[in-house]
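A.B. asks: Residues per chain, in single letters:
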Amino acid sequence: MSSIRNPETLSALDRPNSYIGKTVPRPNLDRLLQGRASYVSDMELPRMAHVAFLRSPHAHAKIVSIDAAAAKLMPGVIAVVTGGELAAVITPWVGVLSHLKGLKSAPQSAIAIDRVCWQGEAVAAIVAISRAAAEDAAEQVAVKYEELEAVADMRTALDPATPVIHSSLGDNLAFERVHDAGAVDQAFAASDAVVEAEFVFGRHTGVTLEPRAVVADWNAAEARLTIYQGTQAPHMVQNIAALHLGLREQQVRVVCKDVGGSFGIKVHIYADEMATYALSKLLRRPIKFVADRVESFNTDIHARDHCCKGKIGVKRDGTILAFEIDDLTGIGPYSMYPRTSAIEANQVVNLVGGPYTSKNYRARARVVFQNKNVMCQYRAVGHPIACSVTEGLVDLAAMKIGMDPVEIRRRNLIADDAYPCASPSGLRFEQLSHQASLTKIVEMMDYQALRADQAALRKRGIHRGIGIASFIEVTNPSAAFYGVGGAKISSQDGVAVRLDAQGSVICQTSITEQGQGSEALTAQIVGSVLGVSMDRVRVILGDTDMTPYGGGTWASRGAGIGGEAALQATKVLRKNILDVAAVILQSTPAELDIVDNAVINVSDGAFRIELNELARIVYFRPDTLPPGIQPELMATKHFVPREYPFAFTNGVQAAWVEVDTDTGFVKLLKHWVVEDCGTIINPQLVDEQIRGGVVQGLGAALFEKCIYDERGQLTNANLADYLVPMSGEMPDIDVGHVVSPTKESELGAKGAGEAGTAGAAAAVTNAVNDALKPFATIITEIPLTPQVILTALGRI
Amino acid sequence: MKASAFAYARATSLANALELLATHGDKAKVLSGGQSLIPAMNLRLVSPELIVDIGDLGELRGIAVKGETLVIGALTRHADLLKSSHIVKCAPLLAAAVAHVAHPAIRNRGTIGGSLAQADPASELPACMLALGATIVVRGKGGERRIAAEEFFTGIYETKLGPQDLLVAIEVPVASPGSAHFFQEFARRHGDYAIVGLAAQVMRQGDRFADLRLGFFAVGDTPVLAKAAAAMLTGAAITPELLAEASAALASELNPHEDQQATPAMRRHLARVLLARCLATLLNRPDLQTGAGV
Ligand SMILES: Cc1cc2nc3c(=O)[nH]c(=O)nc-3n(C[C@H](O)[C@H](O)[C@H](O)COP(=O)(O)OP(=O)(O)OC[C@H]3O[C@@H](n4cnc5c(N)ncnc54)[C@H](O)[C@@H]3O)c2cc1C
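So the protein lines, in turn, are chains A and B.
Going left to right, the first sequence walks through residues 8 to 803 as the numbering used here numbers them.
Going left to right, the second sequence walks through residues 9 to 302 as the numbering used here numbers them.
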């Protein structure tokens, strides 16, 4: 690990026995491994009923009639509720944000009322004593549909001949953004080579092990709704549930214990979840909804599905003069609520060309409606598109002028001493390390030796390729992401820490845990700053009644924002403890420190008093303290980045692949990542975040695709036909780091959760094209299936 | 994804199982390893009224060699095929093939009888039966029937089994000295059903083939014994030209489907690649590797 910038002063993090920067086991491991986690899917409450949704088999249809008479007579059925009936307790919503100028969408209901707009949209809720009984009854609900023409292909969605999905909106264009910086036309004119390509990205989704799950419990006596849900943003769910059910936020409690994976899938408000809250209110009893796998494929947000034209201009010496893109994406029939479905395209515009010095950049992004499942933010929103387009173009330019892919990047990546500076789209960078990262990865992979291997194997008809992809990643977002657009999504997070009566620490944080280690990193920070061992720190998260107000865990923000709040809150607690200790010990706070759960002398390290004993005095014998002393052994702090709207991180990935040119199969031989997330709190957690992210990116590169037919039917909504990446096909992934802490916070941590996904597909695509160099074919479409590769090679 | 309600009976003897099937006919379904049946029920693709669980019928389990015949009980699990020394010795092709069937957890429950009765055209074991010239032993109302594997598979998920029949055993001729096998499939991920696969059992004579049985799978409604291609390659000196001709013949013997993984053209292409690789491997002739006009 090399450090290109060290914090000048010692902070609370550099204390003796610090856990920061150490791989320590996650405190929640035993709970998870011994099967004692609390997943919503497993929850049972007294009088709890189960809901199954009858879902539309059509992509677009009018609902002529719904006859539920037979279903209502089925054994175990409690109620059959239609969209019209549910509308009495819940209002519709529109997924727009005011800072995304021109973004439009239509009102969406919890259950479709007179029209269905995608295959899988719910048309009725069947509530019964078990899920099986509800499914039995669902088969007896007779719905008459009048099929309407479906808008399936995003490329023709804007054609005049294509029906408009929501006539009130006038057309199928949800959002358009154009950006023009520098002097693009002159730059292309001055280029020695201009290369163009069209990049195609399959629609895919984030397959969570535990599907979306919610138990809603309306307590009429308290006039309070408790929502148990696997979510990344409990306070956002609280706000929105309250808003649409006509409640005050205080009447809604959201509890989120263990979550079986989220990846951005569980940060949105889904119609069926809203319907479940409303059903509980309507039927005055706990209602449980757990999406099954088929429902997950048909209703969990999808992502990507872009078709992006790109153009790059380059001088013979490798200098990149300009980038231009024209991106098109289809988002389903509604913009998702409340984060909207325009963010991904917006990110693509923001991020293209981001690692490079070239300032000439023109972009257009269009977001269109279609009759397919909704699309929204999934891990590394927009990044894989921007990275694949940028890095694909850079490789094409290099190929055109006959320059090595590493060399062209070395010549164009922003220099490490050029910061602060801005991207071609105007985003501000505090401190990145592209050049150091590239140098490091070239070393890690032994680039020259690989090139020699490649050449030797070529002679034997074995076609291997190397792909490089530099990237930037948006992390630690401020209010610039959602808040400024009017969404009630908090960008600040809060942490409360208190010393209990035996000298242990209770820490309540507003960030959430979905497997990435939020609990662990919070305990590491609190333990380090306070001077107590981690086993003395209990972290409570995921409960709007119990934690400070905050955003939760998404957009790679948990460690950087929630971690800093934990650090600052613990500093206050530490000071308060030392103040009391000084009184008890007739010393001064400056002469004292806390190490290993006890107060000691700074001067000689001598033991003075156990925290346990100090807590006993404060809580049980305050009468022994001098008059007027009111100890405060609880502290709360909140944090939000104020200087930069986003803490950008950077990194580079490399892939080494072999293409079987007879079969079109790609074998992933090895993958490398160097990334810079600033201060590393727990190296193992960071590395595994990177690896997990890479695997999801490799899934997009080779396997994952939601395949729709021309009538808008999803044809592979199961885990046999939708191919998630599995360990057997995954390469070893070596991870290295460069460390440039952010100065926005004392902690210095930026995010790391999405870096892996951002660049993996770009690296693999570049590697495949490198392998296929002798065949004079370029593939710019993912997933890179055998069918795609054999077709490109002209073998079939 | 919950199965609709069904009744369940655990058969106490072969006779009891056959009786239950005779009584309930096509309203009943045999439950063996459950690895194909249960997912289909949970997706409500099938909704049998009665499940006849044959898991207790010890007489249907086990692998034995009887003279020149290897007898495999219908209840023999994939995992047992993989472990059995009889299989390695007498039908090494099966051992090679089973490693490609699904994943360990599924192989621990799935059975050879279930796999053959299921008759998924992309399945490994049915093609092996063709290549090995196996006989499928069936018990039904009229007593025992012995059906040649070539006759047994009649369509997608369709066999000569009637609703009242039970597949009880498989008989495979013990591999003779000098025989050799080749197994390879193309699947996107380990354990997936194949896009195209080949299970071949051959007799070599010097640098030629005295006998060549090429069982292709995922190339049509049923596994296909590529007889025309095999005939051209049997007894002849294998040249790249002959391989190219046999490849062309092979392509017209297959009637592959279009699905999300591959077009018919791609399946034919991959089948030709497999044929070339099979010959190159078995004859140790790397020059044939790309000689199939692929
Ligand atoms: C994730 C996954 C991946 C898989 N991948 C593969 C693969 O790559 N290749 C492959 O070949 N298979 C694969 N399978 C299927 C697996 O091999 C099954 O074991 C096999 O298809 C059926 O065997 P079973 O014993 O589980 O049968 P069951 O599921 O119990 O039964 C299957 C069918 O056969 C009938 N049946 C069963 N036994 C008899 C009998 N003795 N007589 C008459 N009828 C009977 C049943 O009524 C049912 O219709 C996969 C399964 C899963 C879940």
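Since the hints were derived computationally from the structure, they do not count as laboratory data.
No residue lacks a Cβ here, since even glycine has one placed at the ideal position from N, Cα and C.
Just to be clear, a hint being listed does not mean it is correct.
Listed next, with one range per pair, are the computed distances between beta-carbon atoms [claimed, not checked]:
# : chain 1 : residue 1 : chain 2 : residue 2 : range
1 : B       : Leu53     : A       : Ala227    : 40 to 48 Å
2 : B       : Pro47     : A       : Asp716    : 18 to 26 Å
3 : A       : Asp716    : B       : Arg216    : 47 to 55 Å
4 : B       : Arg197    : A       : Ala227    : 47 to 55 Å
With the C-beta cut set under 7 Å, the calculated list includes, among others, these residues of chain A facing chain B [what the hints assert, rightly or not]:
#  : residue
5  : Glu142
6  : Glu205
7  : Asp669
8  : Gln720
9  : Asn723
10 : Gly735
11 : Gln794
12 : Leu800
13 : Ile803
Distance condition first, Cα-Cα at most 30 Å in a straight line; then the derived DSS-like pairs of lysine-lysine [said to hold, decoys possible]:
#  : chain 1 : residue 1 : chain 2 : residue 2
14 : A       : Lys264    : B       : Lys91
15 : A       : Lys69     : A       : Lys151
16 : B       : Lys10     : A       : Lys79
17 : A       : Lys674    : B       : Lys10
A.B. asks: Now tell me, hint by hint, if it's right for this structure.
C.D. replies: The hints, checked one at a time:
For Leu53 (chain B) and Ala227 (chain A), the hinted distance range of 40 to 48 Å is satisfied, since their beta carbons lie about 41 Å from each other. Range check, Pro47 (chain B) to Asp716 (chain A): about 23 Å between beta-carbon atoms, so the 18 to 26 Å window is met. Judged by the Cβ atoms, the range 47 to 55 Å given for Asp716 (chain A) and Arg216 (chain B) holds: they are separated by roughly 48 Å. The supplied range of 47 to 55 Å is met by Arg197 (chain B) and Ala227 (chain A), whose beta-carbon atoms lie about 50 Å from each other.
A hinted interface residue such as Glu142 (chain A) counts as satisfied when its beta carbon comes closer than 7 Å to some beta carbon of chain B; here the least separation is about 5 Å, so the hint holds. Taking 7 Å as the C-beta cut-off, the interface hint given for Glu205 (chain A) is violated, the closest approach to chain B being about 22 Å. Because the smallest distance between the Cβ of Asp669 (chain A) and any Cβ of chain B comes to about 5 Å, under 7 Å, the interface hint for this residue holds. Given hint, Gln720 (chain A) at the interface with chain B, is violated; its Cβ is 13 Å from that chain's nearest Cβ, farther than 7 Å.
The restraint placing Asn723 (chain A) at the interface with chain B holds, with a minimum CB-CB distance near 6 Å, inside the 7 Å limit. The beta carbon of Gly735 (chain A) is positioned within 7 Å of a beta carbon in chain B (closest approach about 4 Å), and the interface hint is therefore held. With 7 Å as the threshold, the beta carbon of Gln794 (chain A) comes within range of chain B, its nearest partner Cβ sitting at about 6 Å, so the hint holds. The restraint placing Leu800 (chain A) at the interface with chain B is violated, with a minimum CB-CB distance near 11 Å, outside the 7 Å limit.
A least Cβ separation of about 5 Å between Ile803 (chain A) and chain B falls short of the 7 Å threshold, and the interface hint therefore holds. The straight-line distance between the Cα atoms of Lys264 (chain A) and Lys91 (chain B) is roughly 43 Å, outside the 30 Å bound, and the hint therefore fails. Straight-line distance between C-alpha atoms of Lys69 (chain A) and Lys151 (chain A) comes to about 8 Å, which keeps the hinted pair within the 30 Å bound. Using a Cα cut-off of 30 Å, the hinted pair Lys10 (chain B) and Lys79 (chain A) holds, with the two alpha carbons roughly 19 Å apart.
With a CA separation close to 37 Å, the supplied pair Lys674 (chain A) and Lys10 (chain B) exceeds the 30 Å bound.
Checked against the numbered hints listed earlier, the structure breaks hints 6, 8, 12, 14, 17; every other hint is satisfied.
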